[in-house]
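Visitor: Same order as they appear, the protein sequences are chains Y and L. For the first sequence, my numbering assigns the number 1 to the initial residue and increments by one for each residue that follows. For the second sequence, my numbering assigns the number 282 to the initial residue and increments by one for each residue that follows.
Think of the hints as simulated: they come from the structure by calculation, not from any bench. Certain hints may be false.
What the hints assert, rightly or not - Short, incomplete list of chain L residues facing chain Y, as computed with Cβ under 7 Å: (1) A303; (2) F371; (3) F380; (4) V410; (5) W499; (6) G573.
Remember, predicted model here, so these are calculated numbers, not experimental data. For glycine and all other residues, C-beta sits at the position ideal for the given N, C-alpha and C.
Listed below are the residues making up each chain.
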Amino acid sequence: MMRAHSPAEKALLALRYLALSVLAVIFLIPFYLILRNSLMTDAQINAAQWQWFPLHPHWSNFRQLFADNTAFVWTGLRNSALIAAVTLVLQMLISSMAGYALARIPARGSRTVFQVILLTLMIPGAVTFVPTFALMAYIGGVNTLWGILAPGLFSAFSIFLFRQFYLNFPTEIEEAGMLDGLGYGGIYWRLVLPNSRSVMMSLGVLAFVGTWNTFLWPLVVGQNPSSWTIQIVLSTFLTAQTVNLHELFAAALVAVLPLVVVFLVMQKYIVEGITFSGGKE
Amino acid sequence: MNAPATATAQRKTQAMHKNLQAGICFWSFLMPALAGLVLFMAIPMVWGFLLSLSHAQNTIHPGHFIGARNYTDLLTDPEFLNSLWTILVFTLFIVPATFAFSLWLALAVHSIPKGKAFFRTVFFIPTAVSYAAASLIARMSFFSGTASGFANHLVGLFGMQPVQWIGTASPPWYWLVLVSVRLWLQVGFYMIIFLAALQEIPRSLYEAAALDGATGGWTVLRFITLPQLRNASVSILLLNLIAAFQAFDEFYNILGGSGSSGGNIGLARPPLVYIYNVALSSQDFGRGAAGGFIITALIVLFTLVQGRLLGFGSKEGR
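Same shape as in the complex, but just chain L:
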């Protein structure tokens, strides 16, 4: 069948017209999103980088360039190095703890024949609470340092004196408070991801394992369940690591205070609180911007290390 030449040409212009129309639609559909991402991602990145190379005290404008001085100043400031150390210790603890706790919750809730929905809701509902509110409860009621605090009431039942949970450097009970708050707020969230992944595991795998004689709970967990949770695990560890490195809310609200003393924030000041203080209180935007880049570099580094350790992207065990 030979189509007449005019028809072919007509079809061609029609196709071109269609392409053009698609192109116009494509870009107009993307326009709001792209404009926003340029305005609130690209521009701040460039602006921040220029600020980080500038002496920008009391000004939001870069220009008085001083090279890498803000970076070297930060990396020789004991308080900033301290904040890096603080967040490192916190992250190295909270990430595995959250992972293990939420995995255990998911496995336990998944395995019980009755009451699944109830337990799932109870562990999940703290996700609705903000860090500010959770910090408030922890600081003023649950872990309040006076005898009227809930934890101290329990301690009192064993005949012990009220404990200063937040205000003292040694023993550092405030770590228990910070870790409890974050665990309470986030394990339910990660439990939901694990639960969804558990439901996806085909039953036939367990049946095959039973035929092969793998009946012990531990063997099945080790060789079937955990490998099947690989993808969920990798994404949970990643999300959690990035969030932990940027911890701010609970440190600020549990340890912070008004006035010159700044409360107990000196006990454990994470990098974001440091940056916030430098940029928003001391109005040194250059230094604050530089701090942001240092934290980002650390997040990227740790993400890569974690990815390497977990064999990121490898498909084995599927």
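Pulled out of the complex, with its shape left as it was, chain Y reads as follows:
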């Protein structure tokens, strides 16, 4: 890093801080708005006179939200948490197994299989979502949680990233396993998997976030309120004829807060995951 020395450079740096600070405030406003509105009455939210924060925060909005059984907030949260957690675990397991085989188990056809997997990477969701819905309707996955989560378990990109990771995996560990008489299964399960924890955390938390926030597929396949994710709950709330504002914002807060916490706690892993995937194009 270059230090600012001349007055011109100092002025430039000050200007940069100013610009960044203004932007930082703007970037935080939406979070502030969720919090503010979720603690107000509808009348306060709708008031033409701007109020920066309610004098008496209406914490009861949350109690009301969870008691409102037409809002399906509990259902949405539970479904989203379940879908995201299952996707995290299974996608990581499936992808790391495939990535390990592609990187480390010598076999005929390995290159071809890898190229075919790379090919599926180029298929956009735009072309698959309609026929995948047809498939789900055919095999009975519509309005079920497994129908929502199943396609997300298989990610060509995640297989590709695990392959990259295992290509650079130290061979000594595997050699030690071979000497102990372990087969590929044993080596993978006892030695490779425990040593993949950091990459699994990084890619896993990204998979969790992506699944929690995804919208189109759950909208398409989970039409019944019992299979709504929290995103569909928000959307239904939002596009309804009459909107119950204070509950709407309370629901938004409840939907956003868990992930903001995940982000703050897991930031290191998330940044590593993004760096790892972004640099691998």
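Chain Y is fixed; fit chain L onto it per the hints.
Guide: Just chain L now, kept in the frame of chain Y:
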């Protein structure tokens, strides 16, 4: 040293046994992934292609083949052509805007001596928010059309009347809303990729440049920093282009509505919303599938054009 023949043969069978074992392990390790990709990629592609050639109204089964009629119908439907135009304008704006904004953020955050972690977190944290939630805030609070909206509160401070940010065709303020939401949600993500790439640039390059007399910030940026960010830039532009073409969430949630009117979605209906309406609401799966292939063709075309423009895969400047 001559190994006895029996030992060689033994080694050979051992090697064959090992190969066989490796082969079995290889395929069983790959089995779950391959089965899933076949089930949810290959089968839908084939099924979708057959549907796109079929008259499949109210049915998910192809069979009533009508040739390319779904495609020609779509390409002569003004509403579909409109949706293509909408997404083209959106993409041509949002891709460069996201690129420039996230690059600027990364350069600025990278250059400051103090507070890096703070600013990085603040710009990154919106990535945690879903499009549905961000749309909700934009529509009902930030850009709400009444005087109680946040933007209108600011506008009011300058003595102006509340603005209809979303509901009117002219002036098309809804574009500002759609673009702001997407920028807010994604610039932090791309900033992280740029920041990582910036950290990889060897310091010696800057020192050499300083020795050569290249001290101006602009010269260093133009001839050292930007060429070193080439790979990150190419991948960011590519990811962003593909995502922009498939925009759905914020259009659906900001402009959409229930009931027969469908809210304001008529103002800017992107292709994915069109396909969703045709397939899931009107139950015309043939047409919906065909629409998916048209969008995919466009994505591939634009990716190739962009790759050509950026000299995809060329190693110069490294």
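Visitor: Indicate, hint by hint, whether the structure satisfies it.
Guide: Hints, verified against the model:
no.: 1; hint: A303; verdict: holds (5 Å)
no.: 2; hint: F371; verdict: violated (14 Å)
no.: 3; hint: F380; verdict: violated (13 Å)
no.: 4; hint: V410; verdict: holds (5 Å)
no.: 5; hint: W499; verdict: violated (12 Å)
no.: 6; hint: G573; verdict: holds (4 Å)
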